[in-house]
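Peer 1: Protein sequence lines correspond, in order, to chains A and B. Each residue of the first sequence is one higher than the last, beginning at 1 in the numbering used here. Each residue of the second sequence is one higher than the last, beginning at 1001 in the numbering used here.
Keep in mind that the hints were calculated from the coordinates and are not lab data. No residue lacks a Cβ here, since even glycine has one placed at the ideal position from N, Cα and C. Accuracy of the hints is not assured; some may be wrong.
What the hints assert, rightly or not - Derived coverage of chain B by chain A (criterion: at least 3 residues anywhere in the stretch with Cβ under 8 Å from a Cβ of chain A; other residues may be distant):
1) 1030-1037
2) 1041-1050
3) 1053-1065
4) 1086-1094
5) 1112-1119
Claimed, not checked - Distance windows between CB atoms, simulated:
6) B:Arg1156 - A:Glu174: 43 to 51 Å
7) A:Leu126 - B:Glu1173: 32 to 40 Å
8) A:Thr168 - B:Arg1239: 54 to 62 Å
Protein chains: 2
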Amino acid sequence: MLTQVALDLTSLPKAIEIAEASVEAGIHVLEVGTPLIKAEGSRAIERLAEEFPERPIVADTKTMDVGALEAELSIKHGANLGCVLGAAPEETIRSFVTRAHELCAGALVDTIGVNPVDVLSKLKGLEEFPDYLLLHAAIDEPITGEELLHKFGVDRCPARTAVAGGLTPRKIEELDGVDLVIVGGYITSSEDPVKAAEAVVEAAGVEPYDFRPDEDQREALLGIRKHSTVGIVVKDSERVSEVLNAAIRLVEWVRNEPSLRTVGDDDSDLVPKFEGDGRDLTLILGAEEFDREDLESIAKESVKTILVAEEHVLKLYGVAEAVYEI
Amino acid sequence: MLTQVALDLTSLPKAIEIAEASVEAGIHVLEVGTPLIKAEGSRAIERLAEEFPERPIVADTKTMDVGALEAELSIKHGANLGCVLGAAPEETIRSFVTRAHELCAGALVDTIGVNPVDVLSKLKGLEEFPDYLLLHAAIDEPITGEELLHKFGVDRCPARTAVAGGLTPRKIEELDGVDLVIVGGYITSSEDPVKAAEAVVEAAGVEPYDFRPDEDQREALLGIRKHSTVGIVVKDSERVSEVLNAAIRLVEWVRNEPSLRTVGDDDSDLVPKFEGDGRDLTLILGAEEFDREDLESIAKESVKTILVAEEHVLKLYGVAEAVYEI
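All chains should be modelled from the sequences, with the hints used to inform the complete structure.
Peer 2: Right, here's the structure in full:
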């Protein structure tokens, strides 16, 4: 179970302050709340992604129309997961999910205001399924994620399940089979947001996400967010490993079926090995062993490619849009 | 039938350009579209209201949650009409409408994605009814506003009716019994937006709204938007009359049952006479004839009060938050 803080505020500085506290407590995912987007525009997404490039950023646009446009607006400004309403027309949901996936981001369908069963039957017609189904419920009695789904008559949900709505640590402890818990007011209105966020992570029974990048790592992560092909030259393998794992999480945590691939150097212990088709993300380890043409042709198959070279390799500069030494 | 242009763009300068063209063509109402709000934040509402203070500004926030907060966010930044989704929970719609009315603005309920009949039954429980019901429909065959409602099984709608969705002049000509037509792409994607907007106004069979304030009038209208009590000292009665009528339209065009009141000088022909209880707007004509205490006590009963004095009256300065000489 991952934890997410919903920054449902109208002031950007205040939102960053709460995000900082949440990150300190090990919260995994940061949500730019709907009121914050409507107050500050997409620069709020941009700022959060700049401040916390290692954490998945969710943009809660609550999209109801022009799906592809709003997915793109969110993702191009730094969101890793976009939010479309279950109440939206099927075509809006379809174009939102498709565009999000094309851009290597995830899509969450929010059932607020409508019956999740109706939403699921609407989703049946889609070629690409959203990554998360968000259940908004007044959870006043102990209930498992499964029960929550059953309550709405959903037997099986082909997406990950997220839950939101007045969640507190006590309520979170009772949840089971939920992939993502979203907490707003309990943290944002707390007098001690760090302590509140710590209680949320603890109640979720999950390891706090305690990685905070140093300046070089931060620059590299911003580059990975911005460009489709990035080169990393390894000076300190542990620090590179942290960056690569953070980059992997930006995909893994938001996509229901992420397609990751590791290519090259089998002996490298920089990252775990992935054997997908790399549609979303390909990591080329030991990039110095590849021809430039090979690098280019592998990169072409992924939305995002990270070339990792153990030593300074000039050819990276022709293939990658940016190269970082860490 | 009034006409409204939906500025569904993501660039503010482009939106202002299209607004300028629409205003030149006599379009009555300007809508800050959802993508524009999400891209630029509420400063987009602010800018449009600053540029065109004489025209009602609609903020299409498509609110789905935190109704009072989003109504306030829109209206405090200059919106005269806020938009909440029919798919939103009843409590969200209730708090949105109530807050909008408290702030002397209107509320539109958008039926996009859901059946208007379901929306209307949801609205039945409200103490205050929204001002507009917006029907989104693919209007491919000639249809009257009444037929459009009947199509959804609505016999009687206690709000004004707005229609949106792929409207063109040809389709608008076939409409009947509709209070507000909302046109987006036909104007915003046109190579000649002025001509396109003119065709919309003509098809709606309505007088174009051709009032454009001069600099003094603009300042006064901005003051009326910003403050709850404003004084106007008459130098040129025709120009004052234009300002007062524009201020009245900011209420009349967005509220289903506006409560306006004219107090004082019966001989004044600056504005038509209104005999409501002035809950929304009170115009005190010949304010020089009133005691300061009376002015204050009358002003207290309205959300907005305009004191009009034929000559420079010092006591206005104690009562009004700002005084303009026109």
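Peer 1: Is the listed coverage of the segment 1086-1094 of chain B by chain A valid when you require three or more residues with a beta carbon under 8 Å from a beta carbon of that chain?
Peer 2: holds (count 4)
Peer 1: Taking the CB of Leu126 (chain A) and the CB of Glu1173 (chain B), does the distance hold inside 32 to 40 Å?
Peer 2: holds (37 Å)
Peer 1: Taking beta carbons only, do three or more residues of the segment 1112-1119 of chain B come closer than 8 Å to chain A?
Peer 2: Our answer is that it holds, as 3 residues pass the Cβ test (under 8 Å) against chain A, meeting three.
Peer 1: Are there three or more residues in the segment 1030-1037 of chain B whose C-beta lies within less than 8 Å of some C-beta in chain A?
Peer 2: The restraint on the segment 1030-1037 of chain B holds, since 3 of its residues have a Cβ under 8 Å from chain A and three suffice.
Peer 1: For the segment 1053-1065 of chain B, do three or more residues have a beta carbon lying closer than 8 Å to a beta carbon of chain A?
Peer 2: holds (count 4)
Peer 1: Holds or violated: 43 to 51 Å for the Cβ distance of Arg1156 (chain B) and Glu174 (chain A)?
Peer 2: Once the Cβ atoms are compared, 46 Å apart, the range 43 to 51 Å for Glu174 (chain A) and Arg1156 (chain B) holds.
Peer 1: Check whether three or more residues of the segment 1041-1050 of chain B sit with their beta carbon closer than 8 Å to a beta carbon of chain A.
Peer 2: holds (count 4)
Peer 1: Cβ-Cβ distance between Thr168 (chain A) and Arg1239 (chain B): within 54 to 62 Å?
Peer 2: Taking Cβ atoms as reference, Thr168 (chain A) and Arg1239 (chain B) lie about 59 Å apart, which means the hint holds.
Violated hints for the displayed structure: none, as all numbered hints are satisfied.
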